[in-house]
Amino acid sequence: MEKIFTINGQEVKVQDYKHTGDSVSFTLNGKNYYYMLIARDGQEFILDNGGRFKAAVGTPSREGESMVIANGREAIGALAAKKMKKAGAQAGGLTSPMPGKIFKILKEVGSEVKKGEAVLILEAMKMEHSIRSDKDGKVNKIHYKVGELVQGGVTLAEVE
Amino acid sequence: MKIKKILVANRGEIALRVLKTAKEMGIKIVTVYAEDDKSLPHALYADESYSLGSGALSDTYLNKNKLIEIAKKTKSDAIHPGYGFLSENAEFADMVEKAGLIFIGPTAASITLMGDKIGSKKALEKINIPMIPGYHGDDQEVSTLAQKAKEIGFPVLIKASAGGGGKGMRIVHQESELIEAISGAKSEALKAFSNDKVLVEKYVVNPRHIEVQLMSDTHGNHLHFFERECSIQRRYQKIVEETPAPNLSQELRLKICETAVQISSGINYRGAGTVEFILAPDGHYYFLEMNTRLQVEHPVTEMVTGHDLVKYQIMVAQDDKLPVSQAEIKQSGQAIECRIYAEDPDNNFMPSIGKIDRIGTPTLRDVRLDCGFLDGTEVGVNYDPMLAKLVVWGENREVAISKTLHSLDEVLFLGVKTNRDYLKRILAHKEYVAGHTHTHFIPDYKNDLAAKEFSDQDLADIIGALSFSDKKRAVSGSSEVLRNPWTELSGFRN
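As you go down the protein sequences, you meet chains A and B in turn. Everything in the first sequence is counted per our numbering, starting at 1 for the first residue and increasing by one. Everything in the second sequence is counted per our numbering, starting at 1 for the first residue and increasing by one.
Because the hints were derived from the structure by calculation, they are not lab data. Virtual Cβ for every residue (Gly too), placed ideally from N, Cα, C. A few of these clues could be false.
Listed next, the stretches of chain B that the computed footprint assigns to chain A, with coverage defined by at least 3 CB atoms under 8 angstroms from CB atoms of chain A [to be verified]:
#, stretch
1, 341 to 352
2, 355 to 365
3, 407 to 416
4, 453 to 462
Work out the full structure, taking the sequences as your base and the hints as a guide.
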């Protein structure tokens with residue numbers, strides 16, 4: 001079966017993905033790969049693909065992403081299906097300029113906003129940052145609750 | 001008097017650094033913490049630890065009255081301010097001493113003098129400390145400015161007095177370009193700042209940032225612990241520091257160190273301080289500023305000289321004589337510090353947050369990880385995103401670089417994106433390896449330092465790892481190898 005991962009924001013498609021117990025195999029760009037889980041200590045493990053190497057995967061964030069270390073390379077990865085509203089790609093998405101904590105929600109879902117009006121307030125480095133609408137419209141979605149921690153660059157709310 | 005108890009008015013790795021030396025000296029330590037730091041090791045491992053509550057920094061780590069109140073209540077003899085926060089706050093130093101406590105740092109007068117960037121330069125010019133040659137005068141005739149530029153020597157920098165953002169700024173390499181550049185800078189300055197006053201300064205091509213570690217006691221001993229090379233900076237913040245500075249003659253090294261001592265003795269300084277210089281490729285060096293506190297990068301000096309700078313700070317604070325003479329302080333081998341940040345260097349150094357599942361431990365000899373976090377603690381949004389300092393000693397620079405590269409792989413911070421890979425790219429860069437460091441290193445080699453694209457093999461390895469991430473169970477004993485996996489792991493670091 002085909003499976004899509006996102007690695008450092010890029011979609012990577014693999015075919016013939018088979019994951020059974022202690023092994024996984026798939027085809028990437030026409031080449032077959034096979035990995036066997038040799039040992040595991042919590043979130044760190046040893047994989048074998050003909051030679052052994054060390055890998056580790058962190059606890060996934062709310063966006064379903066985790067930090068992955070494989071063979072000395074660090075990446076942010078996720079199964080694409082788990083990936084949520086990211087990077088503000090969709091129109092009207094208001095993104096976080098840096099990591100922070102949702103301090104206050106000023107406009108509930110359904111309320112009208114004017115361009116430049118603050119929808120919510122993000123707290124970071126002990127300062128408050130107003131997240132403002134970039135157009136006149138209606139708040140369609142708010143992805144977080146007050147008090148939640150958010151990464152930089154994620155969509156916080158959507159205005160239509 | 002002998003100091004028996006110290007309150008550390010700081011957090012994270014530097015609070016733990018002071019704690020470590022205090023324990024070696026048999027001194028009790030009181031730490032303080034903001035509520036959002038209550039699970040961090042500095043709030044757990046002291047003899048006593050007190051909450052500063054929550055809220056703005058002015059209510060917690062910068063709350064002068066509260067800190068002094070806790071010091072009095074716990075019968076502390078002294079306050080160590082660490083770096084940052086209140087470490088260069090003259091009013092705080094004064095308040096601490098008025099409260100009958102010892103401030104482990106310089107006098108309020110020294111802090112005030114060096115905190116005034118213009119005043120300090122004027123004071124130091126009087127004792128013949130080299131300053132960047134320049135003309136800052138009111139006579140703004142083009143002919144006067146041109147004359148001054150010729151006196152200073154090319155290349156010169158012409159910039160708007162009211163300046164900023166590169167507006168009204170010109171670098172002039174030869175006399176023929178001078179008049180046009182002065183007029184151009186003046187009209188640009190007038191448009192941008194409604195003021196056409198410009199100043200002329202010597203322009204240093206590929207400057208290096210060299211600083212000298214100083215320590216003075218109250219008995220007239222002003223010592224230096226040699227220099228540090230801190231040119232590798234991003235956004236004016238150092239990320240890789242080392243000592244000794246590579247490609248620096250012994251003669252120039254000593255001259256720079258002696259100039260720094262001229263400053264500490266000239267202002268009758270007390271305690272630990274650092275003088276920062278700009279070093280030009282032609283060997284001229286100029287005073288930049290003096291930091292009147294312990295520096296983040298002090299460990300490289302400790303590794304190479306074998307002296308504990310925090311111990312000397314405490315000794316000086318209790319009026320002891322420094323136990324070494326200048327002749328006894330020697331450099332041996334090479335030490336490199338890398339600052340590990342929770343940030344993504346490949347995405348504009350965006351800070352990252354999250355829970356640290358696990359912190360890796362360095363395994364090589366003479367490697368030190370000064371870290372303010374524990375497994376399971378959170379990197380939040382409220383403080384500087386520095387996670388730790390990796391400090392590595394080797395018998396020479398080549399060995400120190402290779403040990404650092406290996407150790408950077410070991411000290412993973414599983415859970416948050418770090419700059420470890422970026423630090424590896426810096427240390428492996430041929431110009432760094434050759435010791436050709438200067439303050440424009442990161443912007444100049446931006447392309448070389450950019451992340452290499454993942455190969456298919458890299459991507460496959462990452463997908464392989466991700467595939468096993470959601471399985472919390474242990475490996476089932478389905479084969480011989482898996483029965484006792486850890487005996488198989490002879491090549492497994494950590």
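Structure-based check of all given hints:
| no. | hint | result |
| --- | --- | --- |
| 1 | 341 to 352 | holds (count 5) |
| 2 | 355 to 365 | holds (count 3) |
| 3 | 407 to 416 | holds (count 5) |
| 4 | 453 to 462 | holds (count 7) |
Against the hints set out earlier in the document, no violation occurs for any number.
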